[in-house]
Amino acid sequence: MTTKLAKTPLDAWHRANGGKMVPFAGYDMPVQYESIVSEHQACRTAAALFDVSHMGRLRFDGDGSDQFLDRILTRGVANLPVGAVRYGLICNEDGGVLDDVLVSHLETPSQRRFHLMVVNASNREKILKWLAPVLEDFPTVTMSDRTELTAMIAVQGPAAIETCKRLFSFDPARLKYYRAVITDQFAKPVIVSRTGYTGEDGLELIVRAEEATRIWENLLLIGRDAGFIAAGLGARDTLRLEAGMPLYGHELNENIDPLSAGLDFACNLKERSFIGQRALTKIAEAGPTTVRIGLRPEGKRPAREGCPVLDSAGQRIGEVTSGGPSPTLGYPISMAYVDTRHANDNEFQIDIRGKLVVAKPVSLPFYKRPKS
Amino acid sequence: MSRDESKLLYAESHEWVDLTEEGGKAVGTIGLSGFALEQLNDLVYMELPELGRELAAGEEFGEVESVKAVSPLYSPVNGKVIAVHDDLPDSLEKLNDDPYDFGWIVKVEISDSNSADKLLDHAAYQKQCAEAG
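The listed protein sequences derive, respectively, from chains A and B. Counting along the first sequence from 1, when you hit position 159 you're at 174 in the numbering used here, and nothing is skipped either side. Counting along the second sequence from 1, when you hit position 38 you're at 170 in the numbering used here, and nothing is skipped either side.
Hints were generated in silico from the structure; no laboratory data involved. Small disclaimer: the values here were computed from a predicted structure and weren't measured. Heads up, some of the hints might be wrong.
Calculated lysine-lysine pairs in the DSSO-like style (CA-CA distance at most 27 Å, straight line) [said to hold, decoys possible]:
#: 1; chain 1: B; residue 1: 139; chain 2: A; residue 2: 35
#: 2; chain 1: A; residue 1: 297; chain 2: A; residue 2: 141
#: 3; chain 1: A; residue 1: 144; chain 2: A; residue 2: 19
#: 4; chain 1: B; residue 1: 250; chain 2: B; residue 2: 212
#: 5; chain 1: B; residue 1: 259; chain 2: B; residue 2: 139
#: 6; chain 1: A; residue 1: 35; chain 2: A; residue 2: 22
#: 7; chain 1: A; residue 1: 386; chain 2: A; residue 2: 180
#: 8; chain 1: A; residue 1: 370; chain 2: A; residue 2: 315
#: 9; chain 1: A; residue 1: 35; chain 2: B; residue 2: 259
#: 10; chain 1: B; residue 1: 226; chain 2: A; residue 2: 315
#: 11; chain 1: A; residue 1: 370; chain 2: B; residue 2: 212
#: 12; chain 1: A; residue 1: 180; chain 2: A; residue 2: 203
Use the sequences and the hints to build the structure in full.
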């Protein structure tokens with residue numbers, strides 16, 4: 016089977032600059048340039064640039080956009096002020112997670128308001144299909160898929176905000192965490208949000224596809240002295256794992272509900288009506304049967320996705336969903352789902368390809384950035 | 133003594149073997165090629181076999197793990213493990229710089245010298261690597 020991979024607007028740049036390209040969610044994406052570890056460390060100590068153009072970007076215009084989104088999200092956006100960003104989940108009727116998304120409420124310079132939803136690349140087609148019939152109840156709302164018309168660049172790290180001051184016509188330090196604004200760069204519109212997926216402070220930019228390479232190169236240039244480098248999906252994964260953030264397809268899927276995933280904060284079940292709400296209310300009343308935990312296996316051998324988790328008596332009670340070495344901490348870390356009855360155990364075992372390794376629970380996130 | 137990579141034999145799975153004689157016995161010293169190590173990048177873990185283990189050519193005897201992936205190590209020849217480079221798992225950062233001397237992984241006493249017949253010489257191995265890009 017050969018399906019043609021989609022390319023992001025930065026594809027030529029990646030290839031010309033040593034990007035090791037791999038297929039990911041239907042896109043040809045750089046997994047690394049020089050080294051995952053050095054890209055990871057650049058993000059923790061200076062800043063790293065990530066091409067995240069593969070993420071889906073869906074725009075909703077028209078009266079009732081917020082009511083429409085309220086029907087499909089575990090967390091309401093009807094009261095979301097202009098300039099705010101909210102994390103939420105799209106669930107099926109059983110409460111299984113179809114996707115985890117960010118919704119921004121934005122206003123154009125000509126004062127048109129709209130909502131923008133960023134979805135996982137691997138789920139974009141599925142979500143478009145899921146939303147289409149719901150949209151029929153909201154004739155004033157139009158949905159447009161902006162993914163291919165735009166590029167998305169994440170600038171993440173302690174030096175990100177200060178250095179990006181020189182890039183825009185406004186000071187991004189004024190933007191609070193989980194806030195977004197439409198600004199411009201050389202008279203071209205850019206959506207800037209103070210969000211990210213690395214555990215560091217930083218920005219995510221949505222720019223016109225044809226502007227992507229220029230802005231990317233500009234960022235590398237103004238950030239050169241501060242230590243900015245380009246980073247691939249490999250570092251993005253080790254960074255989000257250290258930050259204890261779930262990744263769709265690993266910690267989240269249609270057989271897991273957000274309460275079991277520990278995402279209670281993103282579920283407002285009361286006085287609302289959305290798809291999956293009934294199922295989630297029942298789960299909340301009964302209590303979820305699994306819990307997401309952090310584990311540190313003894314020694315240096317990482318316990319990766321799919322490794323069975325056992326209690327200290329050797330009974331299988333769960334499974335690792337993501338795992339690998341932590342470049343920042345210097346030892347391996349894993350996220351796992353275990354039976355809630357073992358939520359407070361102080362020792363576990365992980366079966367790493369036939370060998371049992373003792374693992375200690377670690378509270379999530381594994382890494383928290385120092386307060387500035 | 134520095135090992136000359138152009139004189140070694142290579143498996144398609146990227147292990148090298150240095151065939152020598154020690155005390156009248158045919159010995160194979162096994163490691164992982166510089167090309168493979170460069171591809172793996174950022175090694176974090178290595179699993180080594182027990183002394184005395186009998187290996188068949190093509191049999192998995194250990195694994196090396198990078199940040200992103202686990203790669204099995206396959207024995208290029210038939211033989212019994214007579215030495216294991218125990219310091220290696222704690223010094224993986226040195227492996228990339230010196231894959232052919234410091235980077236030896238195990239030594240085996242070769243039980244069947246014919247098992248080396250299918251291995252590639254340096255030129256053929258380089259060709260394989262060039263084709264893999």
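Comparing the hints with the structure gives:
no., hint, in the structure
1, B:139 x A:35, "violated, 30 Å"
2, A:297 x A:141, "holds, 26 Å"
3, A:144 x A:19, "holds, 21 Å"
4, B:250 x B:212, "holds, 19 Å"
5, B:259 x B:139, "holds, 15 Å"
6, A:35 x A:22, "holds, 14 Å"
7, A:386 x A:180, "holds, 20 Å"
8, A:370 x A:315, "holds, 13 Å"
9, A:35 x B:259, "holds, 21 Å"
10, B:226 x A:315, "holds, 16 Å"
11, A:370 x B:212, "holds, 23 Å"
12, A:180 x A:203, "holds, 16 Å"
When held up to the earlier numbered hints, the structure conflicts with hint 1 and nothing else.
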